[in-house]
Amino acid sequence: MFTIVLIEPQIPPNTGSTGRLCGATNSRLHVVGELGFELSDRTLKRAGLDYWDHIEWEYFPNKEEYLNSMINEETFHLLTTKSHTPYTVRKFKKNDYLVFGSETKGIDDNFLRDNWENTCTIPMENENIRSLNLATSVGIVLYEGIRQVNRGQ
1 MFTIVLIEPQ IPPNTGSTGR LCGATNSRLH VVGELGFELS DRTLKRAGLD
51 YWDHIEWEYF PNKEEYLNSM INEETFHLLT TKSHTPYTVR KFKKNDYLVF
101 GSETKGIDDN FLRDNWENTC TIPMENENIR SLNLATSVGI VLYEGIRQVN
151 RGQ
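So that you can map any letter, position 112 of the sequence shown is 112 in the working numbering, and since no number is skipped, the others follow by simple counting.
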């Protein structure tokens, strides 16, 4: 269905929960770049429960190489708090890539600038909150994409 891209995730339970979400929706998970944990981390496995064998996922250690190949091949959406375009305005299609940055740094500013037309955000009502939890954000946007695809929008 969709490919969820986590660029340099730092918190194992967020990646584990995202993996579980990908399994539930038959989406692929691509984990990219330098991680803030080991892929064998116990909390990563615990958050994904015993579903890892049923999830299509892959680790790509070279962030620049991955991003360059992605922009040449696929339709992608960059989720960032810096955008003013709500994710609900985007038109999602089957096989799109939904790209999320790390919990601490987000997506690289240069990459955002070069691909600004692909950015969108999850609007937040409270200006004192900087961002949402990574796994929560993935769930919100992924299910909007699924809703659009299932309704043929």
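The hints are simulated quantities; they were obtained by calculation from the structure and are not laboratory data.
Since the structure is predicted, the reported quantities are computational estimates derived from the model, not experimental observations.
Don't take each hint at face value.
Below 30 Å or equal to it, Euclidean Cα-Cα: the simulated DSBU-like pairs (lysine-lysine) are [claimed, not checked]:
no.: 1; residue 1: K91; residue 2: K63
no.: 2; residue 1: K82; residue 2: K63
no.: 3; residue 1: K94; residue 2: K105
no.: 4; residue 1: K63; residue 2: K105
no.: 5; residue 1: K63; residue 2: K94
no.: 6; residue 1: K82; residue 2: K93
no.: 7; residue 1: K105; residue 2: K91
no.: 8; residue 1: K63; residue 2: K93
no.: 9; residue 1: K82; residue 2: K94
no.: 10; residue 1: K105; residue 2: K82
no.: 11; residue 1: K93; residue 2: K105
Quick check: which numbered hints come out false for this structure? none
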